[in-house]
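Protein sequence lines, in the order shown, are assigned to chains A and B. Residue 69 in this note's numbering sits at position 69 of the first sequence, with consecutive numbering throughout. Residue 831 in this note's numbering sits at position 831 of the second sequence, with consecutive numbering throughout.
Hints should not be assumed to be uniformly reliable.
With the C-beta cut set under 7 angstroms, the calculated list includes, among others, these residues of chain B facing chain A [claimed, not checked]: (1) His400; (2) Ile602; (3) Val616; (4) Asn643; (5) Ile662; (6) Val663; (7) Met836; (8) Tyr838.
These are computed hints drawn from the structure, not numbers from a lab. Backbone N, C-alpha and C define an ideal beta-carbon position, used for all residues, glycine too.
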Amino acid sequence: MIISYALDFAFICFGLGLLLTLYRVIFAPGVGDRVLALDTMVINTIAILALQGMQQGTEIFFEAAMVVAMLGFVGTVAYARFMLRGNIIE
Amino acid sequence: MSLFLIAALPFIGALLPGLMIQAGRNTCSTWTGIISLSALIGLLVHAPAVLRGEVITASVEWMPALGLNASFYLDGLGLLFGTLILGIGCLIILYARFYLSSKDPMGNFYTYLLLFQGAMVGIVLSDNILMLLVFWELTSLSSFLLIGYWKHLPEGRQGARMALTVTGMGGLGLIGGMLLLGHIAGTYELTELLEKRDLIQADPLYVPALLLILLGAFTKSAQFPFHFWLPRAMAAPTPVSAYLHSATMVKAGLFLMARLYPVMSGTTEWFWIVTLAGLITMVLGALIGIFQNDLKGLLAYSTVSHLGLITMLLGFSTEAAAIGAVFHIINHASFKASLFMTAGIVDHEAHTRDITRLGGLRHLMPITFVITAVASLSMAGIPPFNGFLSKEMMLEAAAHAQLGDNAWLIPALATLGALFSVAYSFRLLLHTWFGAERHDYPHHPHDPPFGMWLSPALLAVLVVLIGLFSQGLVGGIVQTTAASVLGNHAHPHVHLALWHGVTPALYMSGVAVLGGLVLLALYRPAHGLWHAVPRPDAKVIFDAIIDAATKLANWITDTLHDGKLTRYAAIFFLFTVLASWHAFSGGAGVTLPREPMQADIIPIIAWFALIAATGVTVYYHRHRLLALVVLGIIGVVVSLSFNYLSAPDLALTQLSVEVVTIVLLLLALNFLPEFTPKDSGNGRHVRDILIAVFVGGAVAALSYVIMLTDFAMPSIAEYHLAQSHDLAGGNNVVNVILVDFRGFDTFGEITVLGIAALIIYGVTEGLLGSKVRQKLLERKPNHPIAGDEHPMMMVVATRLLLPIALMVGVYIYLRGHNDPGGGFVAGLIVAIALLMQYMASGYDWADKRQRFPYHASIACGVMAAGITGIGAFFNNMPFLTSDFGYFQFPPLQKFELATAMGFDLGVFLAVVGAVMLTLESLSRLAYRRGDVPDEYPMDINPSRQPKNEDH
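Next up, chain A with everything else stripped away, as it sits in the complex (with noise of 0.2 angstroms):
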C-alpha cells in the first residue's frame, strides 16, 4: 500500500525533474548548460525505468537502465570532447 504511494510520489518528482531539464536544454545560456541538462535528463530516465521496473515487478527495466547509463555517459563524453577541441578522436 505505501509502496504504491512512494512510487507515485517519485513518479510525479522526477516528471518534475524530466520538465526541468527540459527548460534548461531548451533555455540555457551556453552549449554546455544544455549538454550538462540533457545528461541529468538522461539520469532522470534511468530513475523512471527503475521506478517502472518496480512498479511492474520485472527486471528487464533494470538492465535497460544499464545500458541506458553507459550510453549516456559516452554521448556526454563526445559532447564535451567537441566542446572542448572541435575533433572528437583525435
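Please build the complex by placing chain B on the supplied structure of chain A, with the hints as guidance.
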C-alpha cells in the same frame, strides 16, 4: 534430341565463336555451323513423329508458384519455324564467313548470331507463355546487337536503336497481353490454353488482351503503322538482314499470331484489325518498295509487304487462308533470304547497292544472275516458281473475303498489292541485271567464290523444286502446320498444285502481272510523280516522338528530383497522404471499438517534452550543434516510451543507434560551419510549415484510428507471437523475427550495411590527399581549443569502462534469443566501447592496438551468417532454416543452443565492423599528428620517465 538441348544448344554454343576466333576465321565459322547443324539435325529427328501428328513435349517445373515452367513442345508450327530458323541459320553462317571482311570481328558476329538463333528457337518451342516472353525479349536484345554490329556507322546505331525501341515497346505490350491471356485461361501452358477458345473469347478481357498481343506481333513483324523500323535496320550487314528480316525475327510476330490463332482468331475484332493492318501494309510496303534505289531497301519494303500479305491471310480466319499463310511463310523465307544474299553479293562485288549505279550485270556475274532471276520471279509470282503458288492462294482467299458488306475492296487491293509486287520484282531484275553493261561501277564486279553463292543457290533450287513438286515436297509439313495453326483438332484439306483451273485468282494474277509490267514501263513518270507527292518521313516522326518523350521524362525527373531534400519530402508526404486518403475513404466507415487507455503522469510529461523538443529543433535548426543537442531529448523520450510500451529491445536499439549517430554527426560537424545558411524564402517556409503540420496531423489521426481499431484481418504479429517458441526456440519474438523468420532480409541488410561502410571507407580514402582536407585542417578554429588532447581522467574512465561494456555486449548477445538483446544491439554496444578508446587516446594510438581490421570483421560477419544459412542444406532444409536443441553439460544447467546464434554472431560482427569502419574512416580525415607523441595513451602519463631527470 531433347527439346531442352535443341533450345539450349545455340546459347551454349554462343560461347564458342569468341574462343574459336583465336584459331582463325575458318575454325570459328565451322564451329558455329556445327552447332547450328547439330540443333537442326536434333530437330529433324523429331520430324517424322510430328508429321504423323504427334506432339513432342519436355517440361520441368521452374517456379510453379508463378506458373512459370520450363516447358517446350514441338508441333507442326514449331517444326516449320524451327527448321526455317536453324536451316537458314546454317546457310547464313556459311554465307557470312565469306561476306565479312577481315576487319570485322567475326567472333562477336557469330556469338550474337547464335544468341539470336537460340532466342528464336526458344520462342517457337516454348510451351509456357511466360518463357516465350523471355525469349521474345531476348530476340529484341540480340537483334539490337546484330543490327548495330557495324558500330562505326551512325545509320547502324540509329537503326538498331529504332528497332529496339519499336520492338521493345511491342514487347511490353505483349507482356501485358500474355498475362491477361494467362489470367483468363487460368494457365500459362500453351498446350492447355489453346483448348480454351470459347472461354477466352467470351471474356471481357479478350479485347484488351488481343490489342496488346497484336501490338507485340505487329511491331515485331513490321506491320503498318510500325513498319518503318525494318527498312532502317538494313544498315546491318547483309547476312543479318537476310536472316533476321527475311526468315526469322520479323516472322516471330507472324508465328505468334499463328500460335494463338486457335484461341484469338475468328472474332470480328480479330478480322478487322488483323486484316486491315495486313492489307494496308501489303499495298503500302509494295508501293514504297517500287521507288527504292537501294537494293536492300527495296527488299526491305518488299518484306514488309509480304509480311502484310501473310498477316492479312491470318486475319481472314478461314481454313484456306491459313493454309495459304503457312505456305507463303515457307516460300517467302526461301526466295527472300536468297535475294538478300544476292543483294549482298552485288554490294560486295560492285561496292554499291544503288540500282541507279547498277545495270547490265548479267554477263559479269552469270551465276548470281541466275539465282536472282529465279528468286525475283518467284517474288513476282510468276509460274512455275513457289511464289506463284502461294500468291494464287492469297488471291483466291482475297477473292472470297468481304470487308463488312463490301465484296470488291479486298480483292481489288490484293490485286493492286500483287501488281506493285510484280513492278518492284521486275525493277530489281531488269534495272540491276539487264540493260547495257556499264563501265562506271565503283568496283569491277565478277561472280563471288563458291562458298558465297552456295547458300542463295541452294535456296533458289528450293524455290524451283517447291514450285514444281509442291505437294510431294512440302505438302506434309504444310498440312501438319496448318493443323496446328487452326487448332481445335482440325484436319485441313491441303492440295498444293501449279494449276487450279481458270479461277478468279488466275485473272487477278494476270491483271497484276500485266499491270506491274506497264507500271515498270512507265517508271520514269511514275517516279517523278512519287517524288512530287509529299509524304511523311517515318524517321522524322519517330525522332520527334522520342524527343518529346525524352523531354517529358526529363521534365518529370527535373521537377520531382531537383536535388532539394525539401521538395522530395514535400512530394513524398503529399502523395502519401493523398494515397492514404483515397484508400481510407474507400474503406468502411470509422468505428472505434476500443477505449483509450488512461494516461499516467509520466507519459503526459514525455509527450509534452517530445512536442517541445520538436518545436525547438525546428527553431534552432540553423545552429547545428544546438539542434543536435535538442534532438537528444527526442531520443531519450522515444526510448523511454519504447520501454513504457513493453518494447525494451527497441529501446536498447534506439539508444545505441542514437549514440553512434551523435558521434558520427559530431565528426562531421567538425568540418562544417557552425550555422546553416538561410536557403529558402519566407513563402516557401510557410508552404513547408503547412505541409508539415498537415501531414503530421494526418499521421496522428491515422495512428489514433489504428490504435483504437481492431485489424480487419488477423495480423501477422499473432502468428509470430504464437510460433516463435515452437518453431524457432526463442522467446524474444523481435530477435526471432530478425534472425529466423525474416533471416533472409537480415542477411541482405547486413550485406548492404557492409557495402555502405566499405564505400564510405573508399570515399574518405580518396579524400585523404585532397586539397579540401588540407584547407580544412589548416583553418583557424572558431573557438579557443582546450590544451590537453588526451585528458588523463577520460583515458582512465574509458579504460575502466571497456571490459564492462564488452561484458555487457557479450551478455546481450548471448541472451538475445530469449530476452531483450541480440546481435545488432550487442554489436552497437561493443562498437561504442571501442569508440570510447579512440575518443580518449586518439586515432593513432587506438588504431595501432587494433590488430583485426574492420573490413575483415564485416566479411567474417557476412560469411558467418551465410555459412549458418548454408548449414541448413546438410539438414535437407532450404537456406537459412534454423534448428535448435537443449543440451546439458555438467556442472552447467540445461541450456539451449540454436543455429540462429551463428547467424546472430554474423550480424554482431558485421555491425561492429561496419560501425567502426565508418567512424574510423571519418575520424581519419580529421587526424593530424598531435603535440604529444602518439605512442602514449594520454598527455600526462604517470608511468613515463621525466625527460629532464638529470637536473
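Structure-based check of all given hints:
This hint is violated: His400 (chain B) has a C-beta 87 angstroms from the nearest C-beta of chain A, more than the 7 angstroms allowed. Annotation: Ile602 (chain B) was flagged as interfacial toward chain A, and the flag holds, the nearest CB pair being 5 angstroms apart, inside 7 angstroms. The restraint placing Val616 (chain B) at the interface with chain A holds, with a minimum CB-CB distance near 5 angstroms, inside the 7 angstroms limit. Here the hint on Asn643 (chain B) is kept, as its CB sits about 6 angstroms from the closest CB of chain A, short of 7 angstroms.
With its C-beta approaching chain A no nearer than about 5 angstroms, Ile662 (chain B) sits inside the 7 angstroms limit, and its interface hint holds. Hint status for Val663 (chain B): holds, given a least beta-carbon distance of 5 angstroms to chain A, under 7 angstroms. Of the supplied interface hints, the one on Met836 (chain B) holds, with its beta-carbon coming within about 6 angstroms of a beta-carbon of chain A, less than 7 angstroms. Nearest Cβ of chain A to the Cβ of Tyr838 (chain B): about 5 angstroms, under the 7 angstroms cut. The hint holds.
Violated hint for the displayed structure: number 1, the only one.
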